[in-house]
Amino acid sequence: MTVYEIRIHSRGGQGGVTAARLLAMAALHDGKYATACPFYGAERRGAPVVSFVRIDDYPIRIYSQIREPDLVVVLDASVMETVDVLHGIKKGGRVFINSAHLHEFAGFVTYNVDLTGIALKINLMVAGSPILNTSVLGALAKIGIITAGSAKGIVSADSAKSAIREMFTDERNVSASDAAYMEMSA
Amino acid sequence: MKKIATGNKAVAEAVKQAGPDVVAAYPITPQTEIVESIADYVTSGQLDSQYIPVESEHSAMAACIGASIAGARTFTATSSQGLVYMHEMTNWVAGARLPIVMANVNRSLGPGWNIWAEHTDAMQERDTGWLQVYVSTVQEAYDTTLMAFRIAEHNDVLLPVMVNLDGFALSHIMQPLDTVEPGDFIPPLHLPNAVDPKNPGGYGTLTAPADHFRFRWEIERSMRDAANVIEETHKDFSKRFGRTYGFTEGYKCDDADVVVVSLGTLGKEAEVAIDILREEGIKSPSISCAKRVSRRDRCGCAGSARSRNLTWRERKSS
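Protein chains in written order, with my numbering: chain W, 232 to 417; chain L, 26 to 343.
Isolated chain W, as found in the complex (with noise of 0.2 Å):
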């Protein structure tokens, strides 16, 4: 079982799936097999949701949801005050938040950026609410740089910029993926 499994924490709206499906489509750039999902349930605008993606190098087989996840990526700070984010996580799994402040969880990796305040900065809004899930990539990509060899699972950062191209027009997508990438610290 070497698949790289990574479960997004969001809230309804906020584009958790389809930063899902950029970090699916970023892997098969990077020449791997992806998978992405989002928990099916009763979904709603506002309320904390969750969505999945399964990236190896080998054909994916399995269409479960994520119980054990390499990495916890929670694009809204504030869902962690009723969701338990650390769930299930792997043993020296990653979390990535997406928050002004380092939140340090004990046997974990944690990193931040403010994905928000990036998004707010260049005014890239949609109905009034900061876009978060094509930053996120240019951040998740710098964690592949940080832990060269040991995060296989994670897509590049030219990857990633050709997957939010291939879905986004507005440039400005891709140039808030590149703060977030410039943000994230070692």
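In short, the hints are calculated from the structure, not lab data. Built from N, CA and C at the ideal position, the CB exists for glycine as well. Be aware that a few hints might be false.
[To be verified] Listed next, with one range per pair, are the computed distances between beta-carbon atoms:
| hint | chain 1 | residue 1 | chain 2 | residue 2 | range |
| --- | --- | --- | --- | --- | --- |
| 1 | L | V79 | W | M413 | 37 to 47 Å |
| 2 | W | G319 | L | N116 | 42 to 52 Å |
| 3 | W | D315 | L | A298 | 20 to 30 Å |
| 4 | W | E402 | L | V79 | 35 to 45 Å |
| 5 | L | S263 | W | R396 | 26 to 36 Å |
| 6 | W | H318 | L | P213 | 47 to 57 Å |
| 7 | W | V314 | L | N116 | 21 to 31 Å |
| 8 | W | R275 | L | G208 | 38 to 48 Å |
| 9 | W | G359 | L | G44 | 40 to 50 Å |
| 10 | W | S295 | L | R151 | 52 to 62 Å |
| 11 | W | G319 | L | Y228 | 57 to 67 Å |
| 12 | L | E61 | W | K322 | 34 to 44 Å |
| 13 | L | D209 | W | G359 | 48 to 58 Å |
[What the hints assert, rightly or not] So, partial list: chain W residues that the calculated Cβ filter (under 10 Å) puts toward chain L:
| hint | residue |
| --- | --- |
| 14 | V248 |
| 15 | Y294 |
| 16 | D345 |
| 17 | A394 |
[Stated by the list, open to error] To give a feel for the contact side, a few chain L residues facing chain W, derived at Cβ under 8 Å:
| hint | residue |
| --- | --- |
| 18 | W141 |
| 19 | H144 |
| 20 | F193 |
| 21 | H197 |
| 22 | V286 |
| 23 | V297 |
Mind docking chain L on chain W? Use the hints.
Chain L in isolation, oriented as in the chain W frame:
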């Protein structure tokens, strides 16, 4: 071209390329993305088709019947309650020998109300005379939908085909999808006995038991002939597009102590389980069986209810 798509989108893309003349449909979770996408293709001019948004699944299939009798290539999609609601019409489709292709996104029936995957909806259609195929990947959903039109419309078959995909598990999962240019893979439809105003005739008139028996026997015979057509279609598909399918798909079956028989996505997951079990020393391979077969073949492969069709197939191969 390789992209990432859901199972629903894969079906819609294949339908776009098969180019039906008429699509009549009613939305239902988890199928809605299929007919929504097709409606979008029609509106944006990507698909030159009559899209009829009807008020129920019963009407959807009724509209498809009218179109198909006129000789039109026809498609619809449904799920669960929608399928059982159109059940009266699904019988009519097979009885009238109309090569309608339908995607059914397998979903449980209520109560208790549940929108998730289960095969009960399609199983209730077993005896209607529809060919049923169960797919396990997004790619297979696309490839099978393309092939379904060619199989259904073949003059040796002229039976409707239902492409089944697991609700959410396949309809909503996003996987790599490689689309093709079908070219002349699906020949134009020439429906014998299509409605012709210059040569009027009766359709669905009263038939006495002897004639009715004959009609049912013809359906049975075409169901058997479909095996050859399916095989030939798979072969041509493989030659043109490089992906090979069969009636069933086995996985590490040769020295099996235990065989898992499954339909749809469960077969793929079973492969993973079998790899784990084999590592633990249990020879329990999966045969993810009956992925693209009619009712009779499936029964045969499952090792239960040996049917005449299987006997016939066995004789043919020996």
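Range hint 35 to 45 Å (beta carbons of E402 of chain W and V79 of chain L) holds or violated: holds, 42 Å
Would the stated hint for H197 of chain L survive a check requiring a Cβ distance to chain W of less than 8 Å? holds, 6 Å
Is the distance from the Cβ of G359 of chain W to the Cβ of G44 of chain L consistent with 40 to 50 Å? holds, 41 Å
Would the hint on A394 of chain W stand, with a C-beta cut-off of 10 Å toward chain L? Holds. Min distance 9 Å.
Verdict for D315 of chain W, A298 of chain L (Cβ pair) under range 20 to 30 Å: holds, 28 Å
So the hint says 52 to 62 Å: do the beta-carbon atoms of S295 of chain W and R151 of chain L match that? violated, 27 Å
Satisfaction of the hinted span 34 to 44 Å by the C-beta atoms belonging to E61 of chain L and K322 of chain W: holds, 42 Å
C-beta pair V79 of chain L, M413 of chain W: status relative to the range 37 to 47 Å that was hinted: Since the Cβ atoms of V79 of chain L and M413 of chain W sit about 53 Å apart, the hinted range of 37 to 47 Å is violated.
Between G319 of chain W and N116 of chain L, does the C-beta distance stay in 42 to 52 Å? holds, 47 Å
Return the status of the interface hint for W141 of chain L: holds when the least beta-carbon distance to chain W is below 8 Å, violated otherwise. holds, 6 Å
Quick check: does the Cβ-Cβ distance between V314 of chain W and N116 of chain L fall within 21 to 31 Å? violated, 48 Å
Can the hint on V248 of chain W be confirmed by a CB-to-CB distance to chain L that is less than 10 Å? holds, 9 Å
The structure shown violates the earlier hints numbered 1, 7, 10, 16, 19, 22.
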